[in-house]
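Asks: Which chain is which? The protein sequence lines are D and H, in order. Taking the working numbering, I'd label the letters of the first sequence as residues 23 to 393. Taking the working numbering, I'd label the letters of the second sequence as residues 23 to 393.
Keep in mind that a hint or two might mislead.
No copy labels: a pair is met if it fits in one copy or bridges any two.
Below 30 Å or equal to it, Euclidean Cα-Cα: the simulated DSS-like pairs (lysine-lysine) are [as the list claims (entries may be wrong)]:
#: 1; residue 1: LYS387; residue 2: LYS179
#: 2; residue 1: LYS161; residue 2: LYS52
#: 3; residue 1: LYS149; residue 2: LYS161
#: 4; residue 1: LYS40; residue 2: LYS96
#: 5; residue 1: LYS248; residue 2: LYS96
#: 6; residue 1: LYS179; residue 2: LYS149
#: 7; residue 1: LYS179; residue 2: LYS101
#: 8; residue 1: LYS101; residue 2: LYS149
#: 9; residue 1: LYS372; residue 2: LYS179
In case anyone wonders, no lab produced these hints; they're calculated from the structure.
Protein chains: 2
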Amino acid sequence: MMTGFEIPPSLGLYGDEKIASDILSRIWGKRGVFTCTVASTMTSSIPGVSDAGDTPELTLYTGAADAELLVNGKTTCIKGVPINPGGIPTPATLTKAALDLSGMQFFIVNGGCFVEPDIPYFYLGGKCGEKITTGHALKDVRTVYEKGYRLGEQLAKDNAFVVISESCAGGTTTALAVMTAMGVLKENLVSSSSPKNPKELKNRLVKEAFEAAGIQPGDLADDPLKAIECFGDPMMPANVGILCGAAQHVPVIVGGGTQLAAVMAAAVKLHPEIVGNFMQGTTRWLMNDPNSNMKKIMDYISDRIPILYVNVDYSESPYEGLQAYEWGYIKEGTGCGGASVGAIISSAGKVTAKCLVDKVHEIYKGIMDFD
Amino acid sequence: MMTGFEIPPSLGLYGDEKIASDILSRIWGKRGVFTCTVASTMTSSIPGVSDAGDTPELTLYTGAADAELLVNGKTTCIKGVPINPGGIPTPATLTKAALDLSGMQFFIVNGGCFVEPDIPYFYLGGKCGEKITTGHALKDVRTVYEKGYRLGEQLAKDNAFVVISESCAGGTTTALAVMTAMGVLKENLVSSSSPKNPKELKNRLVKEAFEAAGIQPGDLADDPLKAIECFGDPMMPANVGILCGAAQHVPVIVGGGTQLAAVMAAAVKLHPEIVGNFMQGTTRWLMNDPNSNMKKIMDYISDRIPILYVNVDYSESPYEGLQAYEWGYIKEGTGCGGASVGAIISSAGKVTAKCLVDKVHEIYKGIMDFD
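With the rest of the complex left out, here is chain D:
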């Protein structure tokens, strides 16, 4: 039973109710800032790894295209919005709905993209990541982390809360590798943008990556930045830094699914004192995914990180591309869960799951008419 705070029906909660209630009572109805860190890893171009793009090659453009869609309302680096094979539109449509409805301030962080996003962005020095099978996926992890930490502090200034999130195709594979290296995961519990989660392929790539780096599972339990350097993607050091820096000052909503679990695991190791001042913000699609297990992953990281999820439902949508979310496609990404949770919180519940769906329809129709 919640003490002191009643969660509206647009949201669901998993985990520590006391911490969730404490955080919500401090930020309910107050202004926050939303950030999305966009990045690329060559890992996503390995056929079969990622469905976050129409083809393996196009997955490298998804982060930049999502950023352009959020800021400019249209994409420049590719034609049309990012889609999964089959035409299911990017979750950035929901993110945009949440940002539009709430009027929340939002900024893109370029963690390191394959192509230059055609927008203003925060830059922390990161570059597009190598395939994790090289065993050294990233450079300059510590300096990017440190700049991220500083940015987190800057964003916390004069804001009641900070939302972090990601758009980085291939990111569940890198998350699996990093959490395995840290010993957080002993089995493959990460999600996928496809309902047919290619678990065998991901396991094989992680095994290959560990062999290349000469690392055994659990070896890097105490060195999360090294785990990210070997097996991570460029979204990670940026977001670990922003989370650690911001949560020193204000609550943070970690928007995303299993990709962000790797960020939280690393942050908790580097700055255990921030536990109690952040929670995950995601979607019911992710929480209900039969092929991943967000709850179990979080239980491994800490039992003091509540998960808030938005009860957005596309089953009545007139658009098949959106109905597909109900069939296990996409589920999370581009901070759609975090932005939705943030919009509901900052509007003190005036934004509801129903308003969000209506707005997504408006945005989706605009995109289709535009094409």
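Based on the hints, put chain H in the right spot on chain D.
Replies: This is chain H only, laid out in the frame that chain D set:
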């Protein structure tokens, strides 16, 4: 006589009282966001042009070093804080005092620096500028301007006002050239970081630049972006964009001296409708400078852009490096005037000129003890 708004003694006003009163009544006591666009132009490395650095070569590092000082509290790209020859410290000391006292959110925009600033920054695609004597100082002016416009809109979201400013050595020479090309200036009225303003040298460089570009004074009256491309520095397209984008939504304080006059002249030409929604924020040192004429420049640009200046006074300072400001050194830069004006406004006058001086002493002492 002011109607509806009484300006506190820490501030002075020049220009349209009605517009100033209207803007102040909309933003007094409300939250704003401060930005400083840092940049470099090879023009500053021409001996004699700029005193914003200990040597001509070091002026190329001043923007990045000021940014590091504001964000990290110390510099990485050079040893010690930026100084004028003789050891007079950067005006970023006053900027930092204003930001610390007000708790205002602040971000650095990297307009295009000679060295990479060791901080998180907004990036808009600009690069370090060439010498104006080449006749084509900058590339990609329109795309940087457009990204700046978008950033201005993003910063205006959920803020009552936006402050823009600059740290770019050599910037009064580029401002003179741009305003001459636009026909705004017919004589050399721009300021200098030295009390011995090298007017002859600046005039000669502008003449050389015009010959190289095949342009006559006034030729680019209707094409400010072309004037900036030929003769500007990388601070300009970024700030013109941010000003135009932000002032569509909220009042803007243009923090700076005669360098920012070029930005305002260009912005007023591109978006005349923003007049009435921005004012200049500067220092009494700049307003009282006998070797430049801010008032006259502003009269040429528009009679509807009020100037608010902070009555900070270093004459009683125990530090000679600060007393030098009273002798005509430095006067403006790194948004020290805009940040001070912004701090007074956002704190509803609780921050005063006296508080600012006390805080500068604390910061200056810290820097000297550190060295």
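Asks: Now tell me if each hint is right for this structure.
Replies: To see whether the hints hold, each was checked on the structure:
1. LYS387 - LYS179: between (37 Å within a copy, 25 Å between copies)
2. LYS161 - LYS52: Classified as neither: same-chain Cα gap 37 Å, cross-chain 42 Å, threshold 30 Å.
3. LYS149 - LYS161: both (8 Å within a copy, 23 Å between copies)
4. LYS40 - LYS96: neither (41 Å within a copy, 40 Å between copies)
5. LYS248 - LYS96: Between copies only: 27 Å across, 37 Å inside.
6. LYS179 - LYS149: Both, since 27 Å and 29 Å are each at most 30 Å.
7. LYS179 - LYS101: Answer is between: at 28 Å across copies they meet the 30 Å cutoff, but 37 Å inside does not.
8. LYS101 - LYS149: This pair counts as both: shortest intra-copy Cα distance 23 Å, inter-copy 28 Å.
9. LYS372 - LYS179: Both: 25 Å inside a copy, 19 Å across copies.
Hints 2, 4, counting from the list given before, are not met by this structure.
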